[in-house]
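*Asks:* The residues making up each chain are set out below.
Protein chains: 2
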Amino acid sequence: MLTVREDIKVFDCTIRDGGLMNNYHFTDEFVRGVYETCVAAGVDYMEIGKNNSPTLQSPEEYGAWNFCREEDIRRIVGENNTDLKIAVMSDIGRVVKDELLPKSESVVDMVRIATYIHQIPAAIELIEDAHAKGYETTVNIMAISKSFDGELDGVLEQLSKTPVDVIYIADSFGSFYPEQINKLTEKYTKVAKSVGKKVGIHAHNNLQLAFANTLEALIYGTSYIDVTIAGLGRGAGNCSMELLLGFLKNPKYKQLPVLEFIEKHIVPLEKEMDWGYSIPYMITGQLNEHPRSAMKARDEGNTAYTAFYKELITIDE
Amino acid sequence: MLTVREDIKVFDCTIRDGGLMNNYHFTDEFVRGVYETCVAAGVDYMEIGKNNSPTLQSPEEYGAWNFCREEDIRRIVGENNTDLKIAVMSDIGRVVKDELLPKSESVVDMVRIATYIHQIPAAIELIEDAHAKGYETTVNIMAISKSFDGELDGVLEQLSKTPVDVIYIADSFGSFYPEQINKLTEKYTKVAKSVGKKVGIHAHNNLQLAFANTLEALIYGTSYIDVTIAGLGRGAGNCSMELLLGFLKNPKYKQLPVLEFIEKHIVPLEKEMDWGYSIPYMITGQLNEHPRSAMKARDEGNTAYTAFYKELITIDE
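The listed protein sequences derive, respectively, from chains A and B.
Here the first sequence is numbered in the working numbering, starting from 1 and rising by one per residue.
Here the second sequence is numbered in the working numbering, starting from 1 and rising by one per residue.
None of these hints come from the bench; they were simulated from the model.
Check each hint, because a few of them may be wrong.
What the hints assert, rightly or not - Residues of chain A placed beyond 12 Å of chain B at every Cβ, according to the derived structure:
id, residue
1, 56
2, 63
3, 133
4, 231
5, 264
6, 285
7, 307
8, 313
Unchecked claim - Below are the DSBU-like pairs computed for lysine-lysine, each with C-alpha atoms no more than 35 Å apart in a straight line:
id, chain 1, residue 1, chain 2, residue 2
9, A, 190, B, 187
10, B, 183, A, 254
11, A, 190, B, 271
12, A, 310, B, 103
13, A, 271, A, 193
14, B, 85, A, 146
15, B, 310, A, 9
16, B, 310, A, 249
17, A, 252, A, 271
18, A, 85, B, 187
19, A, 254, B, 296
20, A, 310, B, 271
21, A, 254, A, 183
22, A, 264, B, 249
23, A, 190, B, 254
24, A, 9, A, 161
25, B, 264, A, 252
26, B, 264, A, 271
27, A, 249, B, 190
28, B, 103, A, 187
29, B, 85, B, 103
30, B, 190, B, 264
31, B, 103, A, 254
32, B, 254, A, 146
33, B, 85, B, 183
34, A, 271, A, 183
35, A, 183, B, 190
36, B, 183, A, 249
37, B, 254, A, 252
38, A, 9, B, 146
39, A, 296, B, 146
40, B, 187, A, 271
Idealized CB from N, CA, C, for every residue including glycine.
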């Protein structure tokens with residue numbers, strides 16, 4: 001616990017995961033605040049949003065950070081002459097491959113491909129395209145807690161043959177316990193190490209385990225660690241950057257800039273946006289379900305928890 | 001994860017730990033609600049308060065559950081003809097030994113002795129007295145994250161020679177990480193098993209690790225598991241009963257009564273009482289400090305987190 005692991009990369013996804021709560025309608029001031037915080041805190045990567053296509057999703061409905069046009073990113077980061085790398089996330093079916101600029105024309109360093117298991121062939125196309133254009137790449141396999149038996153082994157085998165740099169364990173429903181994360185870490189790192197790739201972890205806080213699961217993955221060999229400031233993210237939110245930085249002993253990481261950002265930007269935001277652990281998210285996490293019903297309950301201020309629970313456990317066979 | 005551990009005892013301390021937030025001024029309806037919830041949920045123990053002496057603390061300042069007079073307890077639980085056992089906690093220096101009735105005259109089943117390391121001789125006196133009077137006993141060694149080097153080994157050695165039934169790992173400042181809880185569990189269970197005692201865990205949620213640390217202790221051999229409904233407890237609160245019951249696979253434990261209690265009693269309470277994880281508690285947890293400065297900050301609605309942090313890390317040598 002008192003040593004420094006040089007392989008660890010702290011990966012901020014505040015804007016990208018938090019944007020799921022407000023359709024990416026963050027102000028420039030807020031996004032610039034996250035950027036400056038990441039630089040000052042010594043964080044390694046910042047995911048500034050999604051690079052979905054405006055031909056497939058409406059720019060009226062979604063804010064700039066759902067599309068991440070080059071000029072929008074540069075408005076915040078300029079030429080980004082810092083040690084912080086910039087990432088964007090690609091959703092299968094919502095991106096247009098040809099819209100991705102060559103790396104030489106972009107301030108973006110990394111493209112992360114988010115994929116469900118049934119979309120893996122499409123994900124591999126995007127990985128190959130982004131890699132060929134000069135980007136670092138990750139693949140984030142979502143909803144694996146619903147994957148059928150040995151299915152995941154086949155997926156990892158396929159991905160190991162692609163040029164992807166990092167394979168992510170994504171606990172989309174926040175339903176895993178640390179001992180399950182332990183087993184998943186073993187499975188992922190075994191495949192990844194054999195072909196010189198790294199493993200990442202992206203946790204959700206439905207069971208108040210986002211930080212604990214992140215630590216479990218980290219300790220057993222995961223290198224890329226997704227965090228968001230104050231846990232800002234979809235539903236129950238994510239592993240908090242400030243919790244992780246308090247744990248890591250590498251002096252390059254600084255806690256104070258994160259607390260400054262929270263004080264200035266998160267305290268007011270908490271009054272108008274609702275994220276983080278609560279009973280409905282716990283229930284969907286325990287039942288290994290997507291949190292959308294819990295998000296609806298929170299939106300409506302519905303605290304009829306017993307009815308909510310009974311409805312979710314009703315089985316029509 | 002799919003088996004049942006018969007040694008596990010789910011131990012509710014909602015009233016006792018929650019009472020630290022309101023000087024034990026709970027209504028009878030609330031206390032009865034917790035009692036009925038514990039019975040319906042299949043919980044094994046309920047700690048109904050402290051048995052401090054009204055000659056040492058003022059009944060004007062503190063409510064009934066700081067004193068737990070026999071008639072007050074019976075007003076809630078009657079003869080307690082249920083499988084739920086009733087516990088009270090004794091604070092060193094705040095109890096008068098002779099006030100403890102013989103077990104034959106009391107509806108209480110267990111006395112828990114809370115002690116700092118420097119109070120161990122006084123704790124042993126109370127253990128011996130309670131044991132001689134016919135009670136089950138536990139000892140909860142507080143603030144061990146501040147204990148000096150091998151000191152704790154000597155304490156455990158001393159306690160192993162007493163008639164105490166359960167020795168508790170208490171994470172008073174919410175500052176331990178799971179890998180530290182793992183080592184503590186190994187240390188405590190080694191001593192306890194050699195003399196036929198059990199080990200317990202009492203966690204706080206300063207680092208969002210109360211549940212994770214509880215799971216870590218449980219998996220590695222701890223039997224008595226302290227929880228509170230909705231985590232209601234001092235400062236950042238405790239491991240939530242509803243999180244633990246969702247994890248345990250023993251069908252004797254029921255989740256629905258807990259959700260009913262939360263819906264009816266916790267939702268309104270949350271509007272007037274402030275407990276649970278927040279940034280000031282995270283800071284005192286990371287710095288291994290008592291949460292009292294964080295409780296003050298929360299009371300005052302003080303969100304100047306950077307100033308709070310800077311003040312705590314200032315060292316006057």
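*Asks:* Enumerate the violated hints, using their earlier numbering and listing them in ascending order.
*Replies:* Result: hints 4, 5, 6, 7, 8, 11, 12, 13, 14, 18, 22, 23, 25, 28, 30, 31, 34, 37, 39 and 40 break, sorted rising.
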